[in-house]
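Chemist: One line per chain: the protein sequences are A and B, in this order. Count along the first sequence starting at 1, add 1, and that's the number in the numbering used here. Count along the second sequence starting at 1, add 399, and that's the number in the numbering used here.
These are computed hints drawn from the structure, not numbers from a lab. Among the hints, erroneous ones may be present.
With the Cβ distance kept under 10 Å, some of the chain A side facing chain B (calculated, not the full set) [what the hints assert, rightly or not]:
hint: 1; residue: 3
hint: 2; residue: 4
hint: 3; residue: 42
hint: 4; residue: 51
hint: 5; residue: 53
hint: 6; residue: 62
hint: 7; residue: 248
hint: 8; residue: 250
hint: 9; residue: 262
hint: 10; residue: 264
hint: 11; residue: 294
hint: 12; residue: 313
hint: 13; residue: 315
hint: 14; residue: 331
Owing to the predicted nature of the structure, the values given are computational and were not obtained by experimental measurement. Glycine is no exception: its CB is placed at the ideal position from the N, C-alpha and C atoms.
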Amino acid sequence: MHPFLYERPTSVSAAIATAAEPGARHVQPTQANTQFIAGGTNLADYMKLGVAQPERLLDLNNLAEPALRQIRISDDTIRFGALVRMGEAADNKEVRRRCPLLAESLQLAASGQLRNMASLAGNVLQRTRCEYFREISWPCNKREPGSGCAAMEGVNRQHAVLGTSDACIATYHGDFAQALIALDAVVEVEGRRGSRRVPFAKLHRLPGDTPEIETDLAADEVIVAIAVPFDTWSRRSRYLKIRDRESYAFALASAAVALDMDGEMVRQARIALGGVATVPWRARAAEAALRDNVLDDKSAAAAAEAAFADASPRQHNAFKVPLGKRTLVRALLETRDMKV
Amino acid sequence: MSNSTIPNSLSRRTFMTGSVSAAAAMPLATTSTQAAPPEPAKAAAPRDLSTISMRINKQAYTFALDNRTSLLDALRDHAGLTGTKKGCDHGQCGACTVLVDGKRVLSCLSFAVMNQGRDITTVEGLAPVGGDLHPMQQAFVDHDAFQCGYCTPGQIMSAIGCVNEGHAGSDDEIREYMSGNLCRCAAYPNIVAAIIQARDEIRRA
């Protein structure tokens with residue numbers, strides 16, 4: 002592992018000031034000399050593998066601001082502090098009652114140990130598990146821009162079918178992010194140039210020609226909170242995750258669904274898809290297909306068709322298209338049938 | 400510090416059960432914090448050692464470590480507590496599970512330096528010297544919840560975390576919340592049975 006300096010800033014402003022070294026604004030956070038660490042479950046792993054090589058780590062776990070560790074629930078919003086651990090949020094009864102999708106997406110992710118370690122902000126920023134990204138002897142445009150993509154003609158069973166580019170087909174594996182993008186969450190960011198609120202849908206960048214640019218964040222910016230508005234669909238919501246094994250695996254396909262129903266009619270649907278796309282994936286075409294329609298087997302199937310209309314599978318991952326459709330159909334019908 | 404300071408007469412298993420946790424009370428300080436009079440300020444270098452203090456199984460430890468040292472390696476190689484096992488070293492198998500401030504975590508994915516001031520419990524700290532095994536340890540013995548035993552310390556620490564978190568309500572819940580601990584001997588049914596027994600005993604206590 003590359004040697005690194007280690008510091009414990011005690012306030013958000015101190016962390017930002019320390020991270021804002023010359024040139025930091027023009028460097029991707031994942032390439033910066035100075036990088037933040039919280040749970041470390043993703044970064045420590047990638048440092049061991051040589052994929053990440055920060056010169057200095059700023060440990061955020063000593064930041065003094067209490068709100069960073071709190072879940073605040075008001076009439077219209079859940080606000081998760083950035084350092085709240087996945088397990089704590091998943092076990093929060095009020096979160097589960099008010100919006101099951103949020104709790105389920107966390108509970109079905111990782112393992113008990115990892116959920117105790119991983120912060121919510123770190124979780125949404127986790128990097129892909131693409132095997133060719135993880136192993137530094139392979140070419141990878143995300144890890145080493147311009148080097149090529151070994152996954153294109155390699156074993157790409159785990160890879161994405163939506164949001165892909167000629168440069169990268171690496172899957173975004175997170176689950177919580179699917180809930181957040183479906184529910185129009187907002188990410189509160191603080192940086193050298195002040196505070197800003199980033200719609201969750203704008204936090205991650207499609208790979209395009211620059212897969213090394215993964216998020217909208219600068220190297221001297223830190224997420225301080227994630228706010229999720231309650232709406233008419235929050236309670237009738239769920240997360241369905243399909244895996245190679247029953248637990249402790251990344252999704253082959255998953256669906257985050259929230260519905261506002263008027264009897265059998267869908268007033269509003271909120272849908273996101275995991276395990277199948279390069280970034281957290283909002284399925285707006287599927288939402289539009291359901292709006293003001295009766296939700297039944299037929300309309301659910303039509304929504305699933307719309308969701309995967311632009312899918313571009315490769316040699317080993319074509320199964321994700323029918324699997325993703327069936328996952329969404331089942332999630333829609335199960336969410337419809339929830340008693341709320 | 401090296402493992403060679405552990406008395407040779409102790410078998411690995413005896414050591415694991417915690418009945419000899421006094422072995423952990425060996426001389427511990429590996430660094431001198433009583434430095435010479437302050438020298439002109441020198442910028443820290445990445446390869447400088449960091450001084451880290453933590454409590455492990457209720458004993459105070461101070462280490463001088465490379466920042467790259469995982470908590471797992473600090474426990475095994477610097478505290479001589481080899482009950483915690485290194486499996487994958489990448490957070491995929493659960494063999495290295497310990498409790499940090501009462502919560503189960505993967506010690507392989509935690510840098511030791513990030514555990515300054517924390518309270519660590521390893522499998523060696525579960526039972527008092529010369530006393531009874533922890534109910535979870537006894538339940539694993541009673542139910543033959545292992546074959547080779549390599550994953551067992553991690554299973555036991557994770558199982559205690561699982562019960563403490565309130566997620567040992569049913570067989571299915573235990574399977575879900577213990578899924579981060581792999582057992583290649585596939586002792587899973589017996590592990591579930593052991594956790595149920597220990598859960599009931601811990602609840603009664």
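Chemist: All the hints need checking, so say for each whether the structure fits it.
Modeler: Hints, one by one, checked against the model:
Interface hint status for residue 3 of chain A: upheld, as the beta-carbon distance to the closest one in chain B is roughly 8 Å, under 10 Å. Hint status for residue 4 of chain A relative to chain B: holds, with the closest Cβ pair at about 4 Å, below 10 Å. The beta carbon of residue 42 of chain A is positioned within 10 Å of a beta carbon in chain B (closest approach about 5 Å), and the interface hint is therefore held. Restraint check, residue 51 of chain A versus chain B: the minimum CB separation of about 12 Å is more than 10 Å; hint violated.
Restraint check, residue 53 of chain A versus chain B: the minimum CB separation of about 13 Å is more than 10 Å; hint violated. Here the hint on residue 62 of chain A is kept, as its CB sits about 7 Å from the closest CB of chain B, short of 10 Å. The beta carbon of residue 248 of chain A is positioned within 10 Å of a beta carbon in chain B (closest approach about 4 Å), and the interface hint is therefore held. Against a cut-off of 10 Å between C-beta atoms, the interface hint on residue 250 of chain A holds, since the closest Cβ of chain B lies about 9 Å away.
For residue 262 of chain A, the shortest C-beta to C-beta distance to chain B is roughly 29 Å, which exceeds 10 Å, and the interface hint is violated. Taken as an interface hint, residue 264 of chain A does not check out: its beta carbon lies about 34 Å from the nearest beta carbon of chain B, beyond 10 Å. With a least beta-carbon distance of about 35 Å to chain B, the hint placing residue 294 of chain A at the interface is violated under the 10 Å criterion. Checking residue 313 of chain A against chain B: minimum C-beta separation of about 30 Å lies over 10 Å; hint violated.
The interface hint given for residue 315 of chain A is broken, as the beta carbon of that residue sits about 26 Å from the closest beta carbon of chain B, more than 10 Å. Annotation: interface hint on residue 331 of chain A violated; nearest CB of chain B at approximately 19 Å, more than 10 Å.
The structure fails to meet hints 4, 5, 9, 10, 11, 12, 13 and 14 from the earlier list, while all remaining hints are met.
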